[in-house]
Structures are given as structure tokens and as C-alpha cells.
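**Student:** Build the full structure now, drawing on both the sequences and the hints.
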Amino acid sequence: MDAGKYAAVLLVAGCANGFAVDVAAQWHQTGVASLLSSFGVSPLAFAIVAIGALVLAREARFPDQAEIAPGAIIFCILTLIPSSFLSWVALGIFAIWLATMVKGRVRSASLLFAGLAAISVWAIIGEPRAARVILPFDAAVTAALLAALHDTVVREGNIVGTASGHQIIVLASCSAFHVLPLALLGWRAMVLFDASQAGRETNRNLALHAFALAAILLALGYLRLVLMAWSPKTYAVAHGPWGSALFDCLLVLAVITVAHATCAPRRGELRA
Amino acid sequence: MTFVRLAWLPLLIALWLTASLLGKLWRYAPTPEPVDKRTGNAVQAFLGAQGWTLARSEALTAGGV
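So the sequence lines, in the order shown, correspond to chains A and B. If you're matching positions, the first sequence starts at 1 in my numbering and goes up one per residue. If you're matching positions, the second sequence starts at 1001 in my numbering and goes up one per residue.
A few of these clues could be false.
[Claimed, not checked] Derived coverage of chain A by chain B (criterion: at least 3 residues anywhere in the stretch with Cβ under 8 Å from a Cβ of chain B; other residues may be distant): (1) 9 to 16; (2) 21 to 33; (3) 75 to 85.
[Claimed, not checked] Ranges of calculated distance between the beta carbons of each label pair, as one might list FRET restraints: (4) A:Thr257 with B:Ala1029: 37 to 43 Å; (5) B:Pro1010 with A:Lys103: 23 to 29 Å; (6) B:Pro1010 with A:Ala50: 16 to 22 Å.
[To be verified] Short, incomplete list of chain B residues facing chain A, as computed with Cβ under 10 Å: (7) Pro1010; (8) Leu1022; (9) Trp1026; (10) Arg1027.
Think of the hints as simulated: they come from the structure by calculation, not from any bench. Where a beta carbon is used, it is the ideal one built from N, C-alpha and C, also for glycine.
**Tutor:** Right under this line is the structure:
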């Protein structure tokens, strides 16, 4: 096994360490049923890990194989400390360190793991703090959209609803921005997975599609919030298990569709 | 002997992964809720007052009820 495969194994194991807490909590709460919710871990995260590991294992050629040893040993020691947060930090640093030694697609694959670590650290530290700004903004946008459907819309802080009594509190997990980082990283992973795209990735093409995906996801997020704030019936539909599953499916579908569009040959271009 | 040529490295990685995961599961294991004996006694007293005993419960179960 060469160093690329070892790096892939270590990074996947680092992700398993980071997700262990969520998986254990989900298993404790719902038992075997946690299988249906992929143990509380987004399918996009699984896709990112799988694609990153595949590209690393297949294509990574480190200049000197022994070069990754010091970083790998420090990473392994840090991961032994029973802290989910520290696992993600160690994984992020290890992935960035590996990325500095390689180029091209392998660097991008390594940075996928760093991105996943950054998202997890953001969810633990950044998101609860940013929620003070983001959630009232989400509620304000929802109120503005709901005003087109309802005459008496009320909004205070992150509470939005109708004067007739149905109001919702917008929480961090309901925010339209909550899914953005993981969805964008999932899209980047899927674009990376299409090897025929190699060498044709322009920053302009990537940025345009990233903005398009972000706009679609925000529209989906606000549609769901409006449905939740509209009436108890629409709340039950949008927030219930079927509604959640439907919006999750739409999210994954949007990511796959935009990734496909990013990789599609441009007009007048023939794919080999 | 370089890092990647060590034959026992996969075993070492497997051991490391197991140890690191077990450490986290131990650290984040949910603490069992303390059993409130008074609540348990109150429930039993209530059931007893309704004529419900363990023996009756077992008899019903055995009877296929």
C-alpha cells in the first residue's frame, strides 16, 4: 500500500472519529431506525468522504513516501484524545498539510476533508454565535415572503408567523443558510469526481455554478420556512418526516443537477 | 525501513482506530437517568390499588392476553 492509500485510510478514519459522537447519539435515540436517517450524518458527507478517499487512493503520488509519517503520527495521537472537536481540528490540519505536498486533483481531494472538518468546527463554534444575526435575517425574509400570502404577518427577532396565532421560532437547523456549506462542498466533490472535467475547471465556471446552487438552496430553504410559518397544516407537512425527507431529497437532487451542469461540455465542445 | 513498508502498519492503524473510537464512545456515552425510587413505588402503589399485581400480570401473559 502506498502513501496515498495510507493518507486516504487515515483521513476516512479521522472522519469516522468526528462522526462517532453523532452516530452514537442517533443510535441511542432511535436504535435501528437510525439506519434510515444514515445515523444522523448527511448522505452528502458520506459522498464527500468517499470521493475524497477514492481520488487520494487512486491518484496521490507523494514525492517522498516517508514524508507523510510525521504528520500522520501527530494526527493519530491527537485523534486518540476523546474529543470530537479536537478530532475535526486535527483532521483539518492534517488534510491541509497533505494538500501542501501535492497538486491538482489530489490537492482538491485533500482539501475536501479539510472543508468537511471546517464545516464541523463551524457547526460547533461559529454557527451558534452567527445565529444571532442569521436567524433574525431568515425570519425577516420569511416574513417578507409570507406577506405576499397572508395579510397579518408578525415578526420579532427570530419568531415569525401570522397574527392569528400560528408562529414559529427559526432555529439554527431550520435556517436557509444551514445546509449551504455542506451542499457546496458536496457539489465540489461531485465535480471533482468527474475525471473528464480535469483541466477544464475554470474559476469562472466554478463560481457561476456555486452561486447558482447557493441561490437554489436558499430558495428551497425559504420556501420551507414560509410553509412552516404559514399555518399549522402547512407546518405539519413541511416539518414532518415526509416533508423533511422531501426537502432533503430536493437538496441532494439540486446538488447532483448543478454538479452535472458544471461538468457538462460547453456549447460546441465534444467530449472524448 | 520506511513508514509505508512496515508490514504491521495496517494492524497498528486498525488498533488506533478502535482505540480512538472507543475513547469517544466512552467519553460521550449518555449517562443513565437516575431511577427515582419514590416514583416507582408510587406507580406500584397505584397499580396495586387497581388490583394489578405482578402475579396477575404474569397470569394474563401466560394466558395469551
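**Student:** Give a verdict on every hint.
**Tutor:** Hints, one by one, checked against the model:
1. Look at the segment 9 to 16 of chain A against chain B: 4 of its residues bring a Cβ nearer than 8 Å to a Cβ of that chain, three or more, so the hint holds.
2. Figure legend: the segment 21 to 33 of chain A, annotated as covered by chain B; annotation consistent (4 residues with Cβ-Cβ distances under 8 Å, at least 3 required).
3. Remark: the segment 75 to 85 of chain A is confirmed as covered by chain B, as 7 of its residues place a Cβ nearer than 8 Å to a Cβ of that chain, reaching the required three.
4. The given range of 37 to 43 Å is respected by threonine 257 of chain A and alanine 1029 of chain B, whose C-beta atoms sit roughly 41 Å from each other.
5. At roughly 28 Å, the beta-carbon separation of proline 1010 of chain B and lysine 103 of chain A lies within the given 23 to 29 Å, and the hint holds.
6. Taking 16 to 22 Å as the suggested C-beta distance range, the pair proline 1010 of chain B and alanine 50 of chain A conforms, at roughly 20 Å.
7. The beta carbon of proline 1010 of chain B is positioned within 10 Å of a beta carbon in chain A (closest approach about 7 Å), and the interface hint is therefore held.
8. A least Cβ separation of about 9 Å between leucine 1022 of chain B and chain A falls short of the 10 Å threshold, and the interface hint therefore holds.
9. This hint holds: tryptophan 1026 of chain B has a C-beta 7 Å from the nearest C-beta of chain A, less than the 10 Å allowed.
10. This hint holds: arginine 1027 of chain B has a C-beta 4 Å from the nearest C-beta of chain A, less than the 10 Å allowed.
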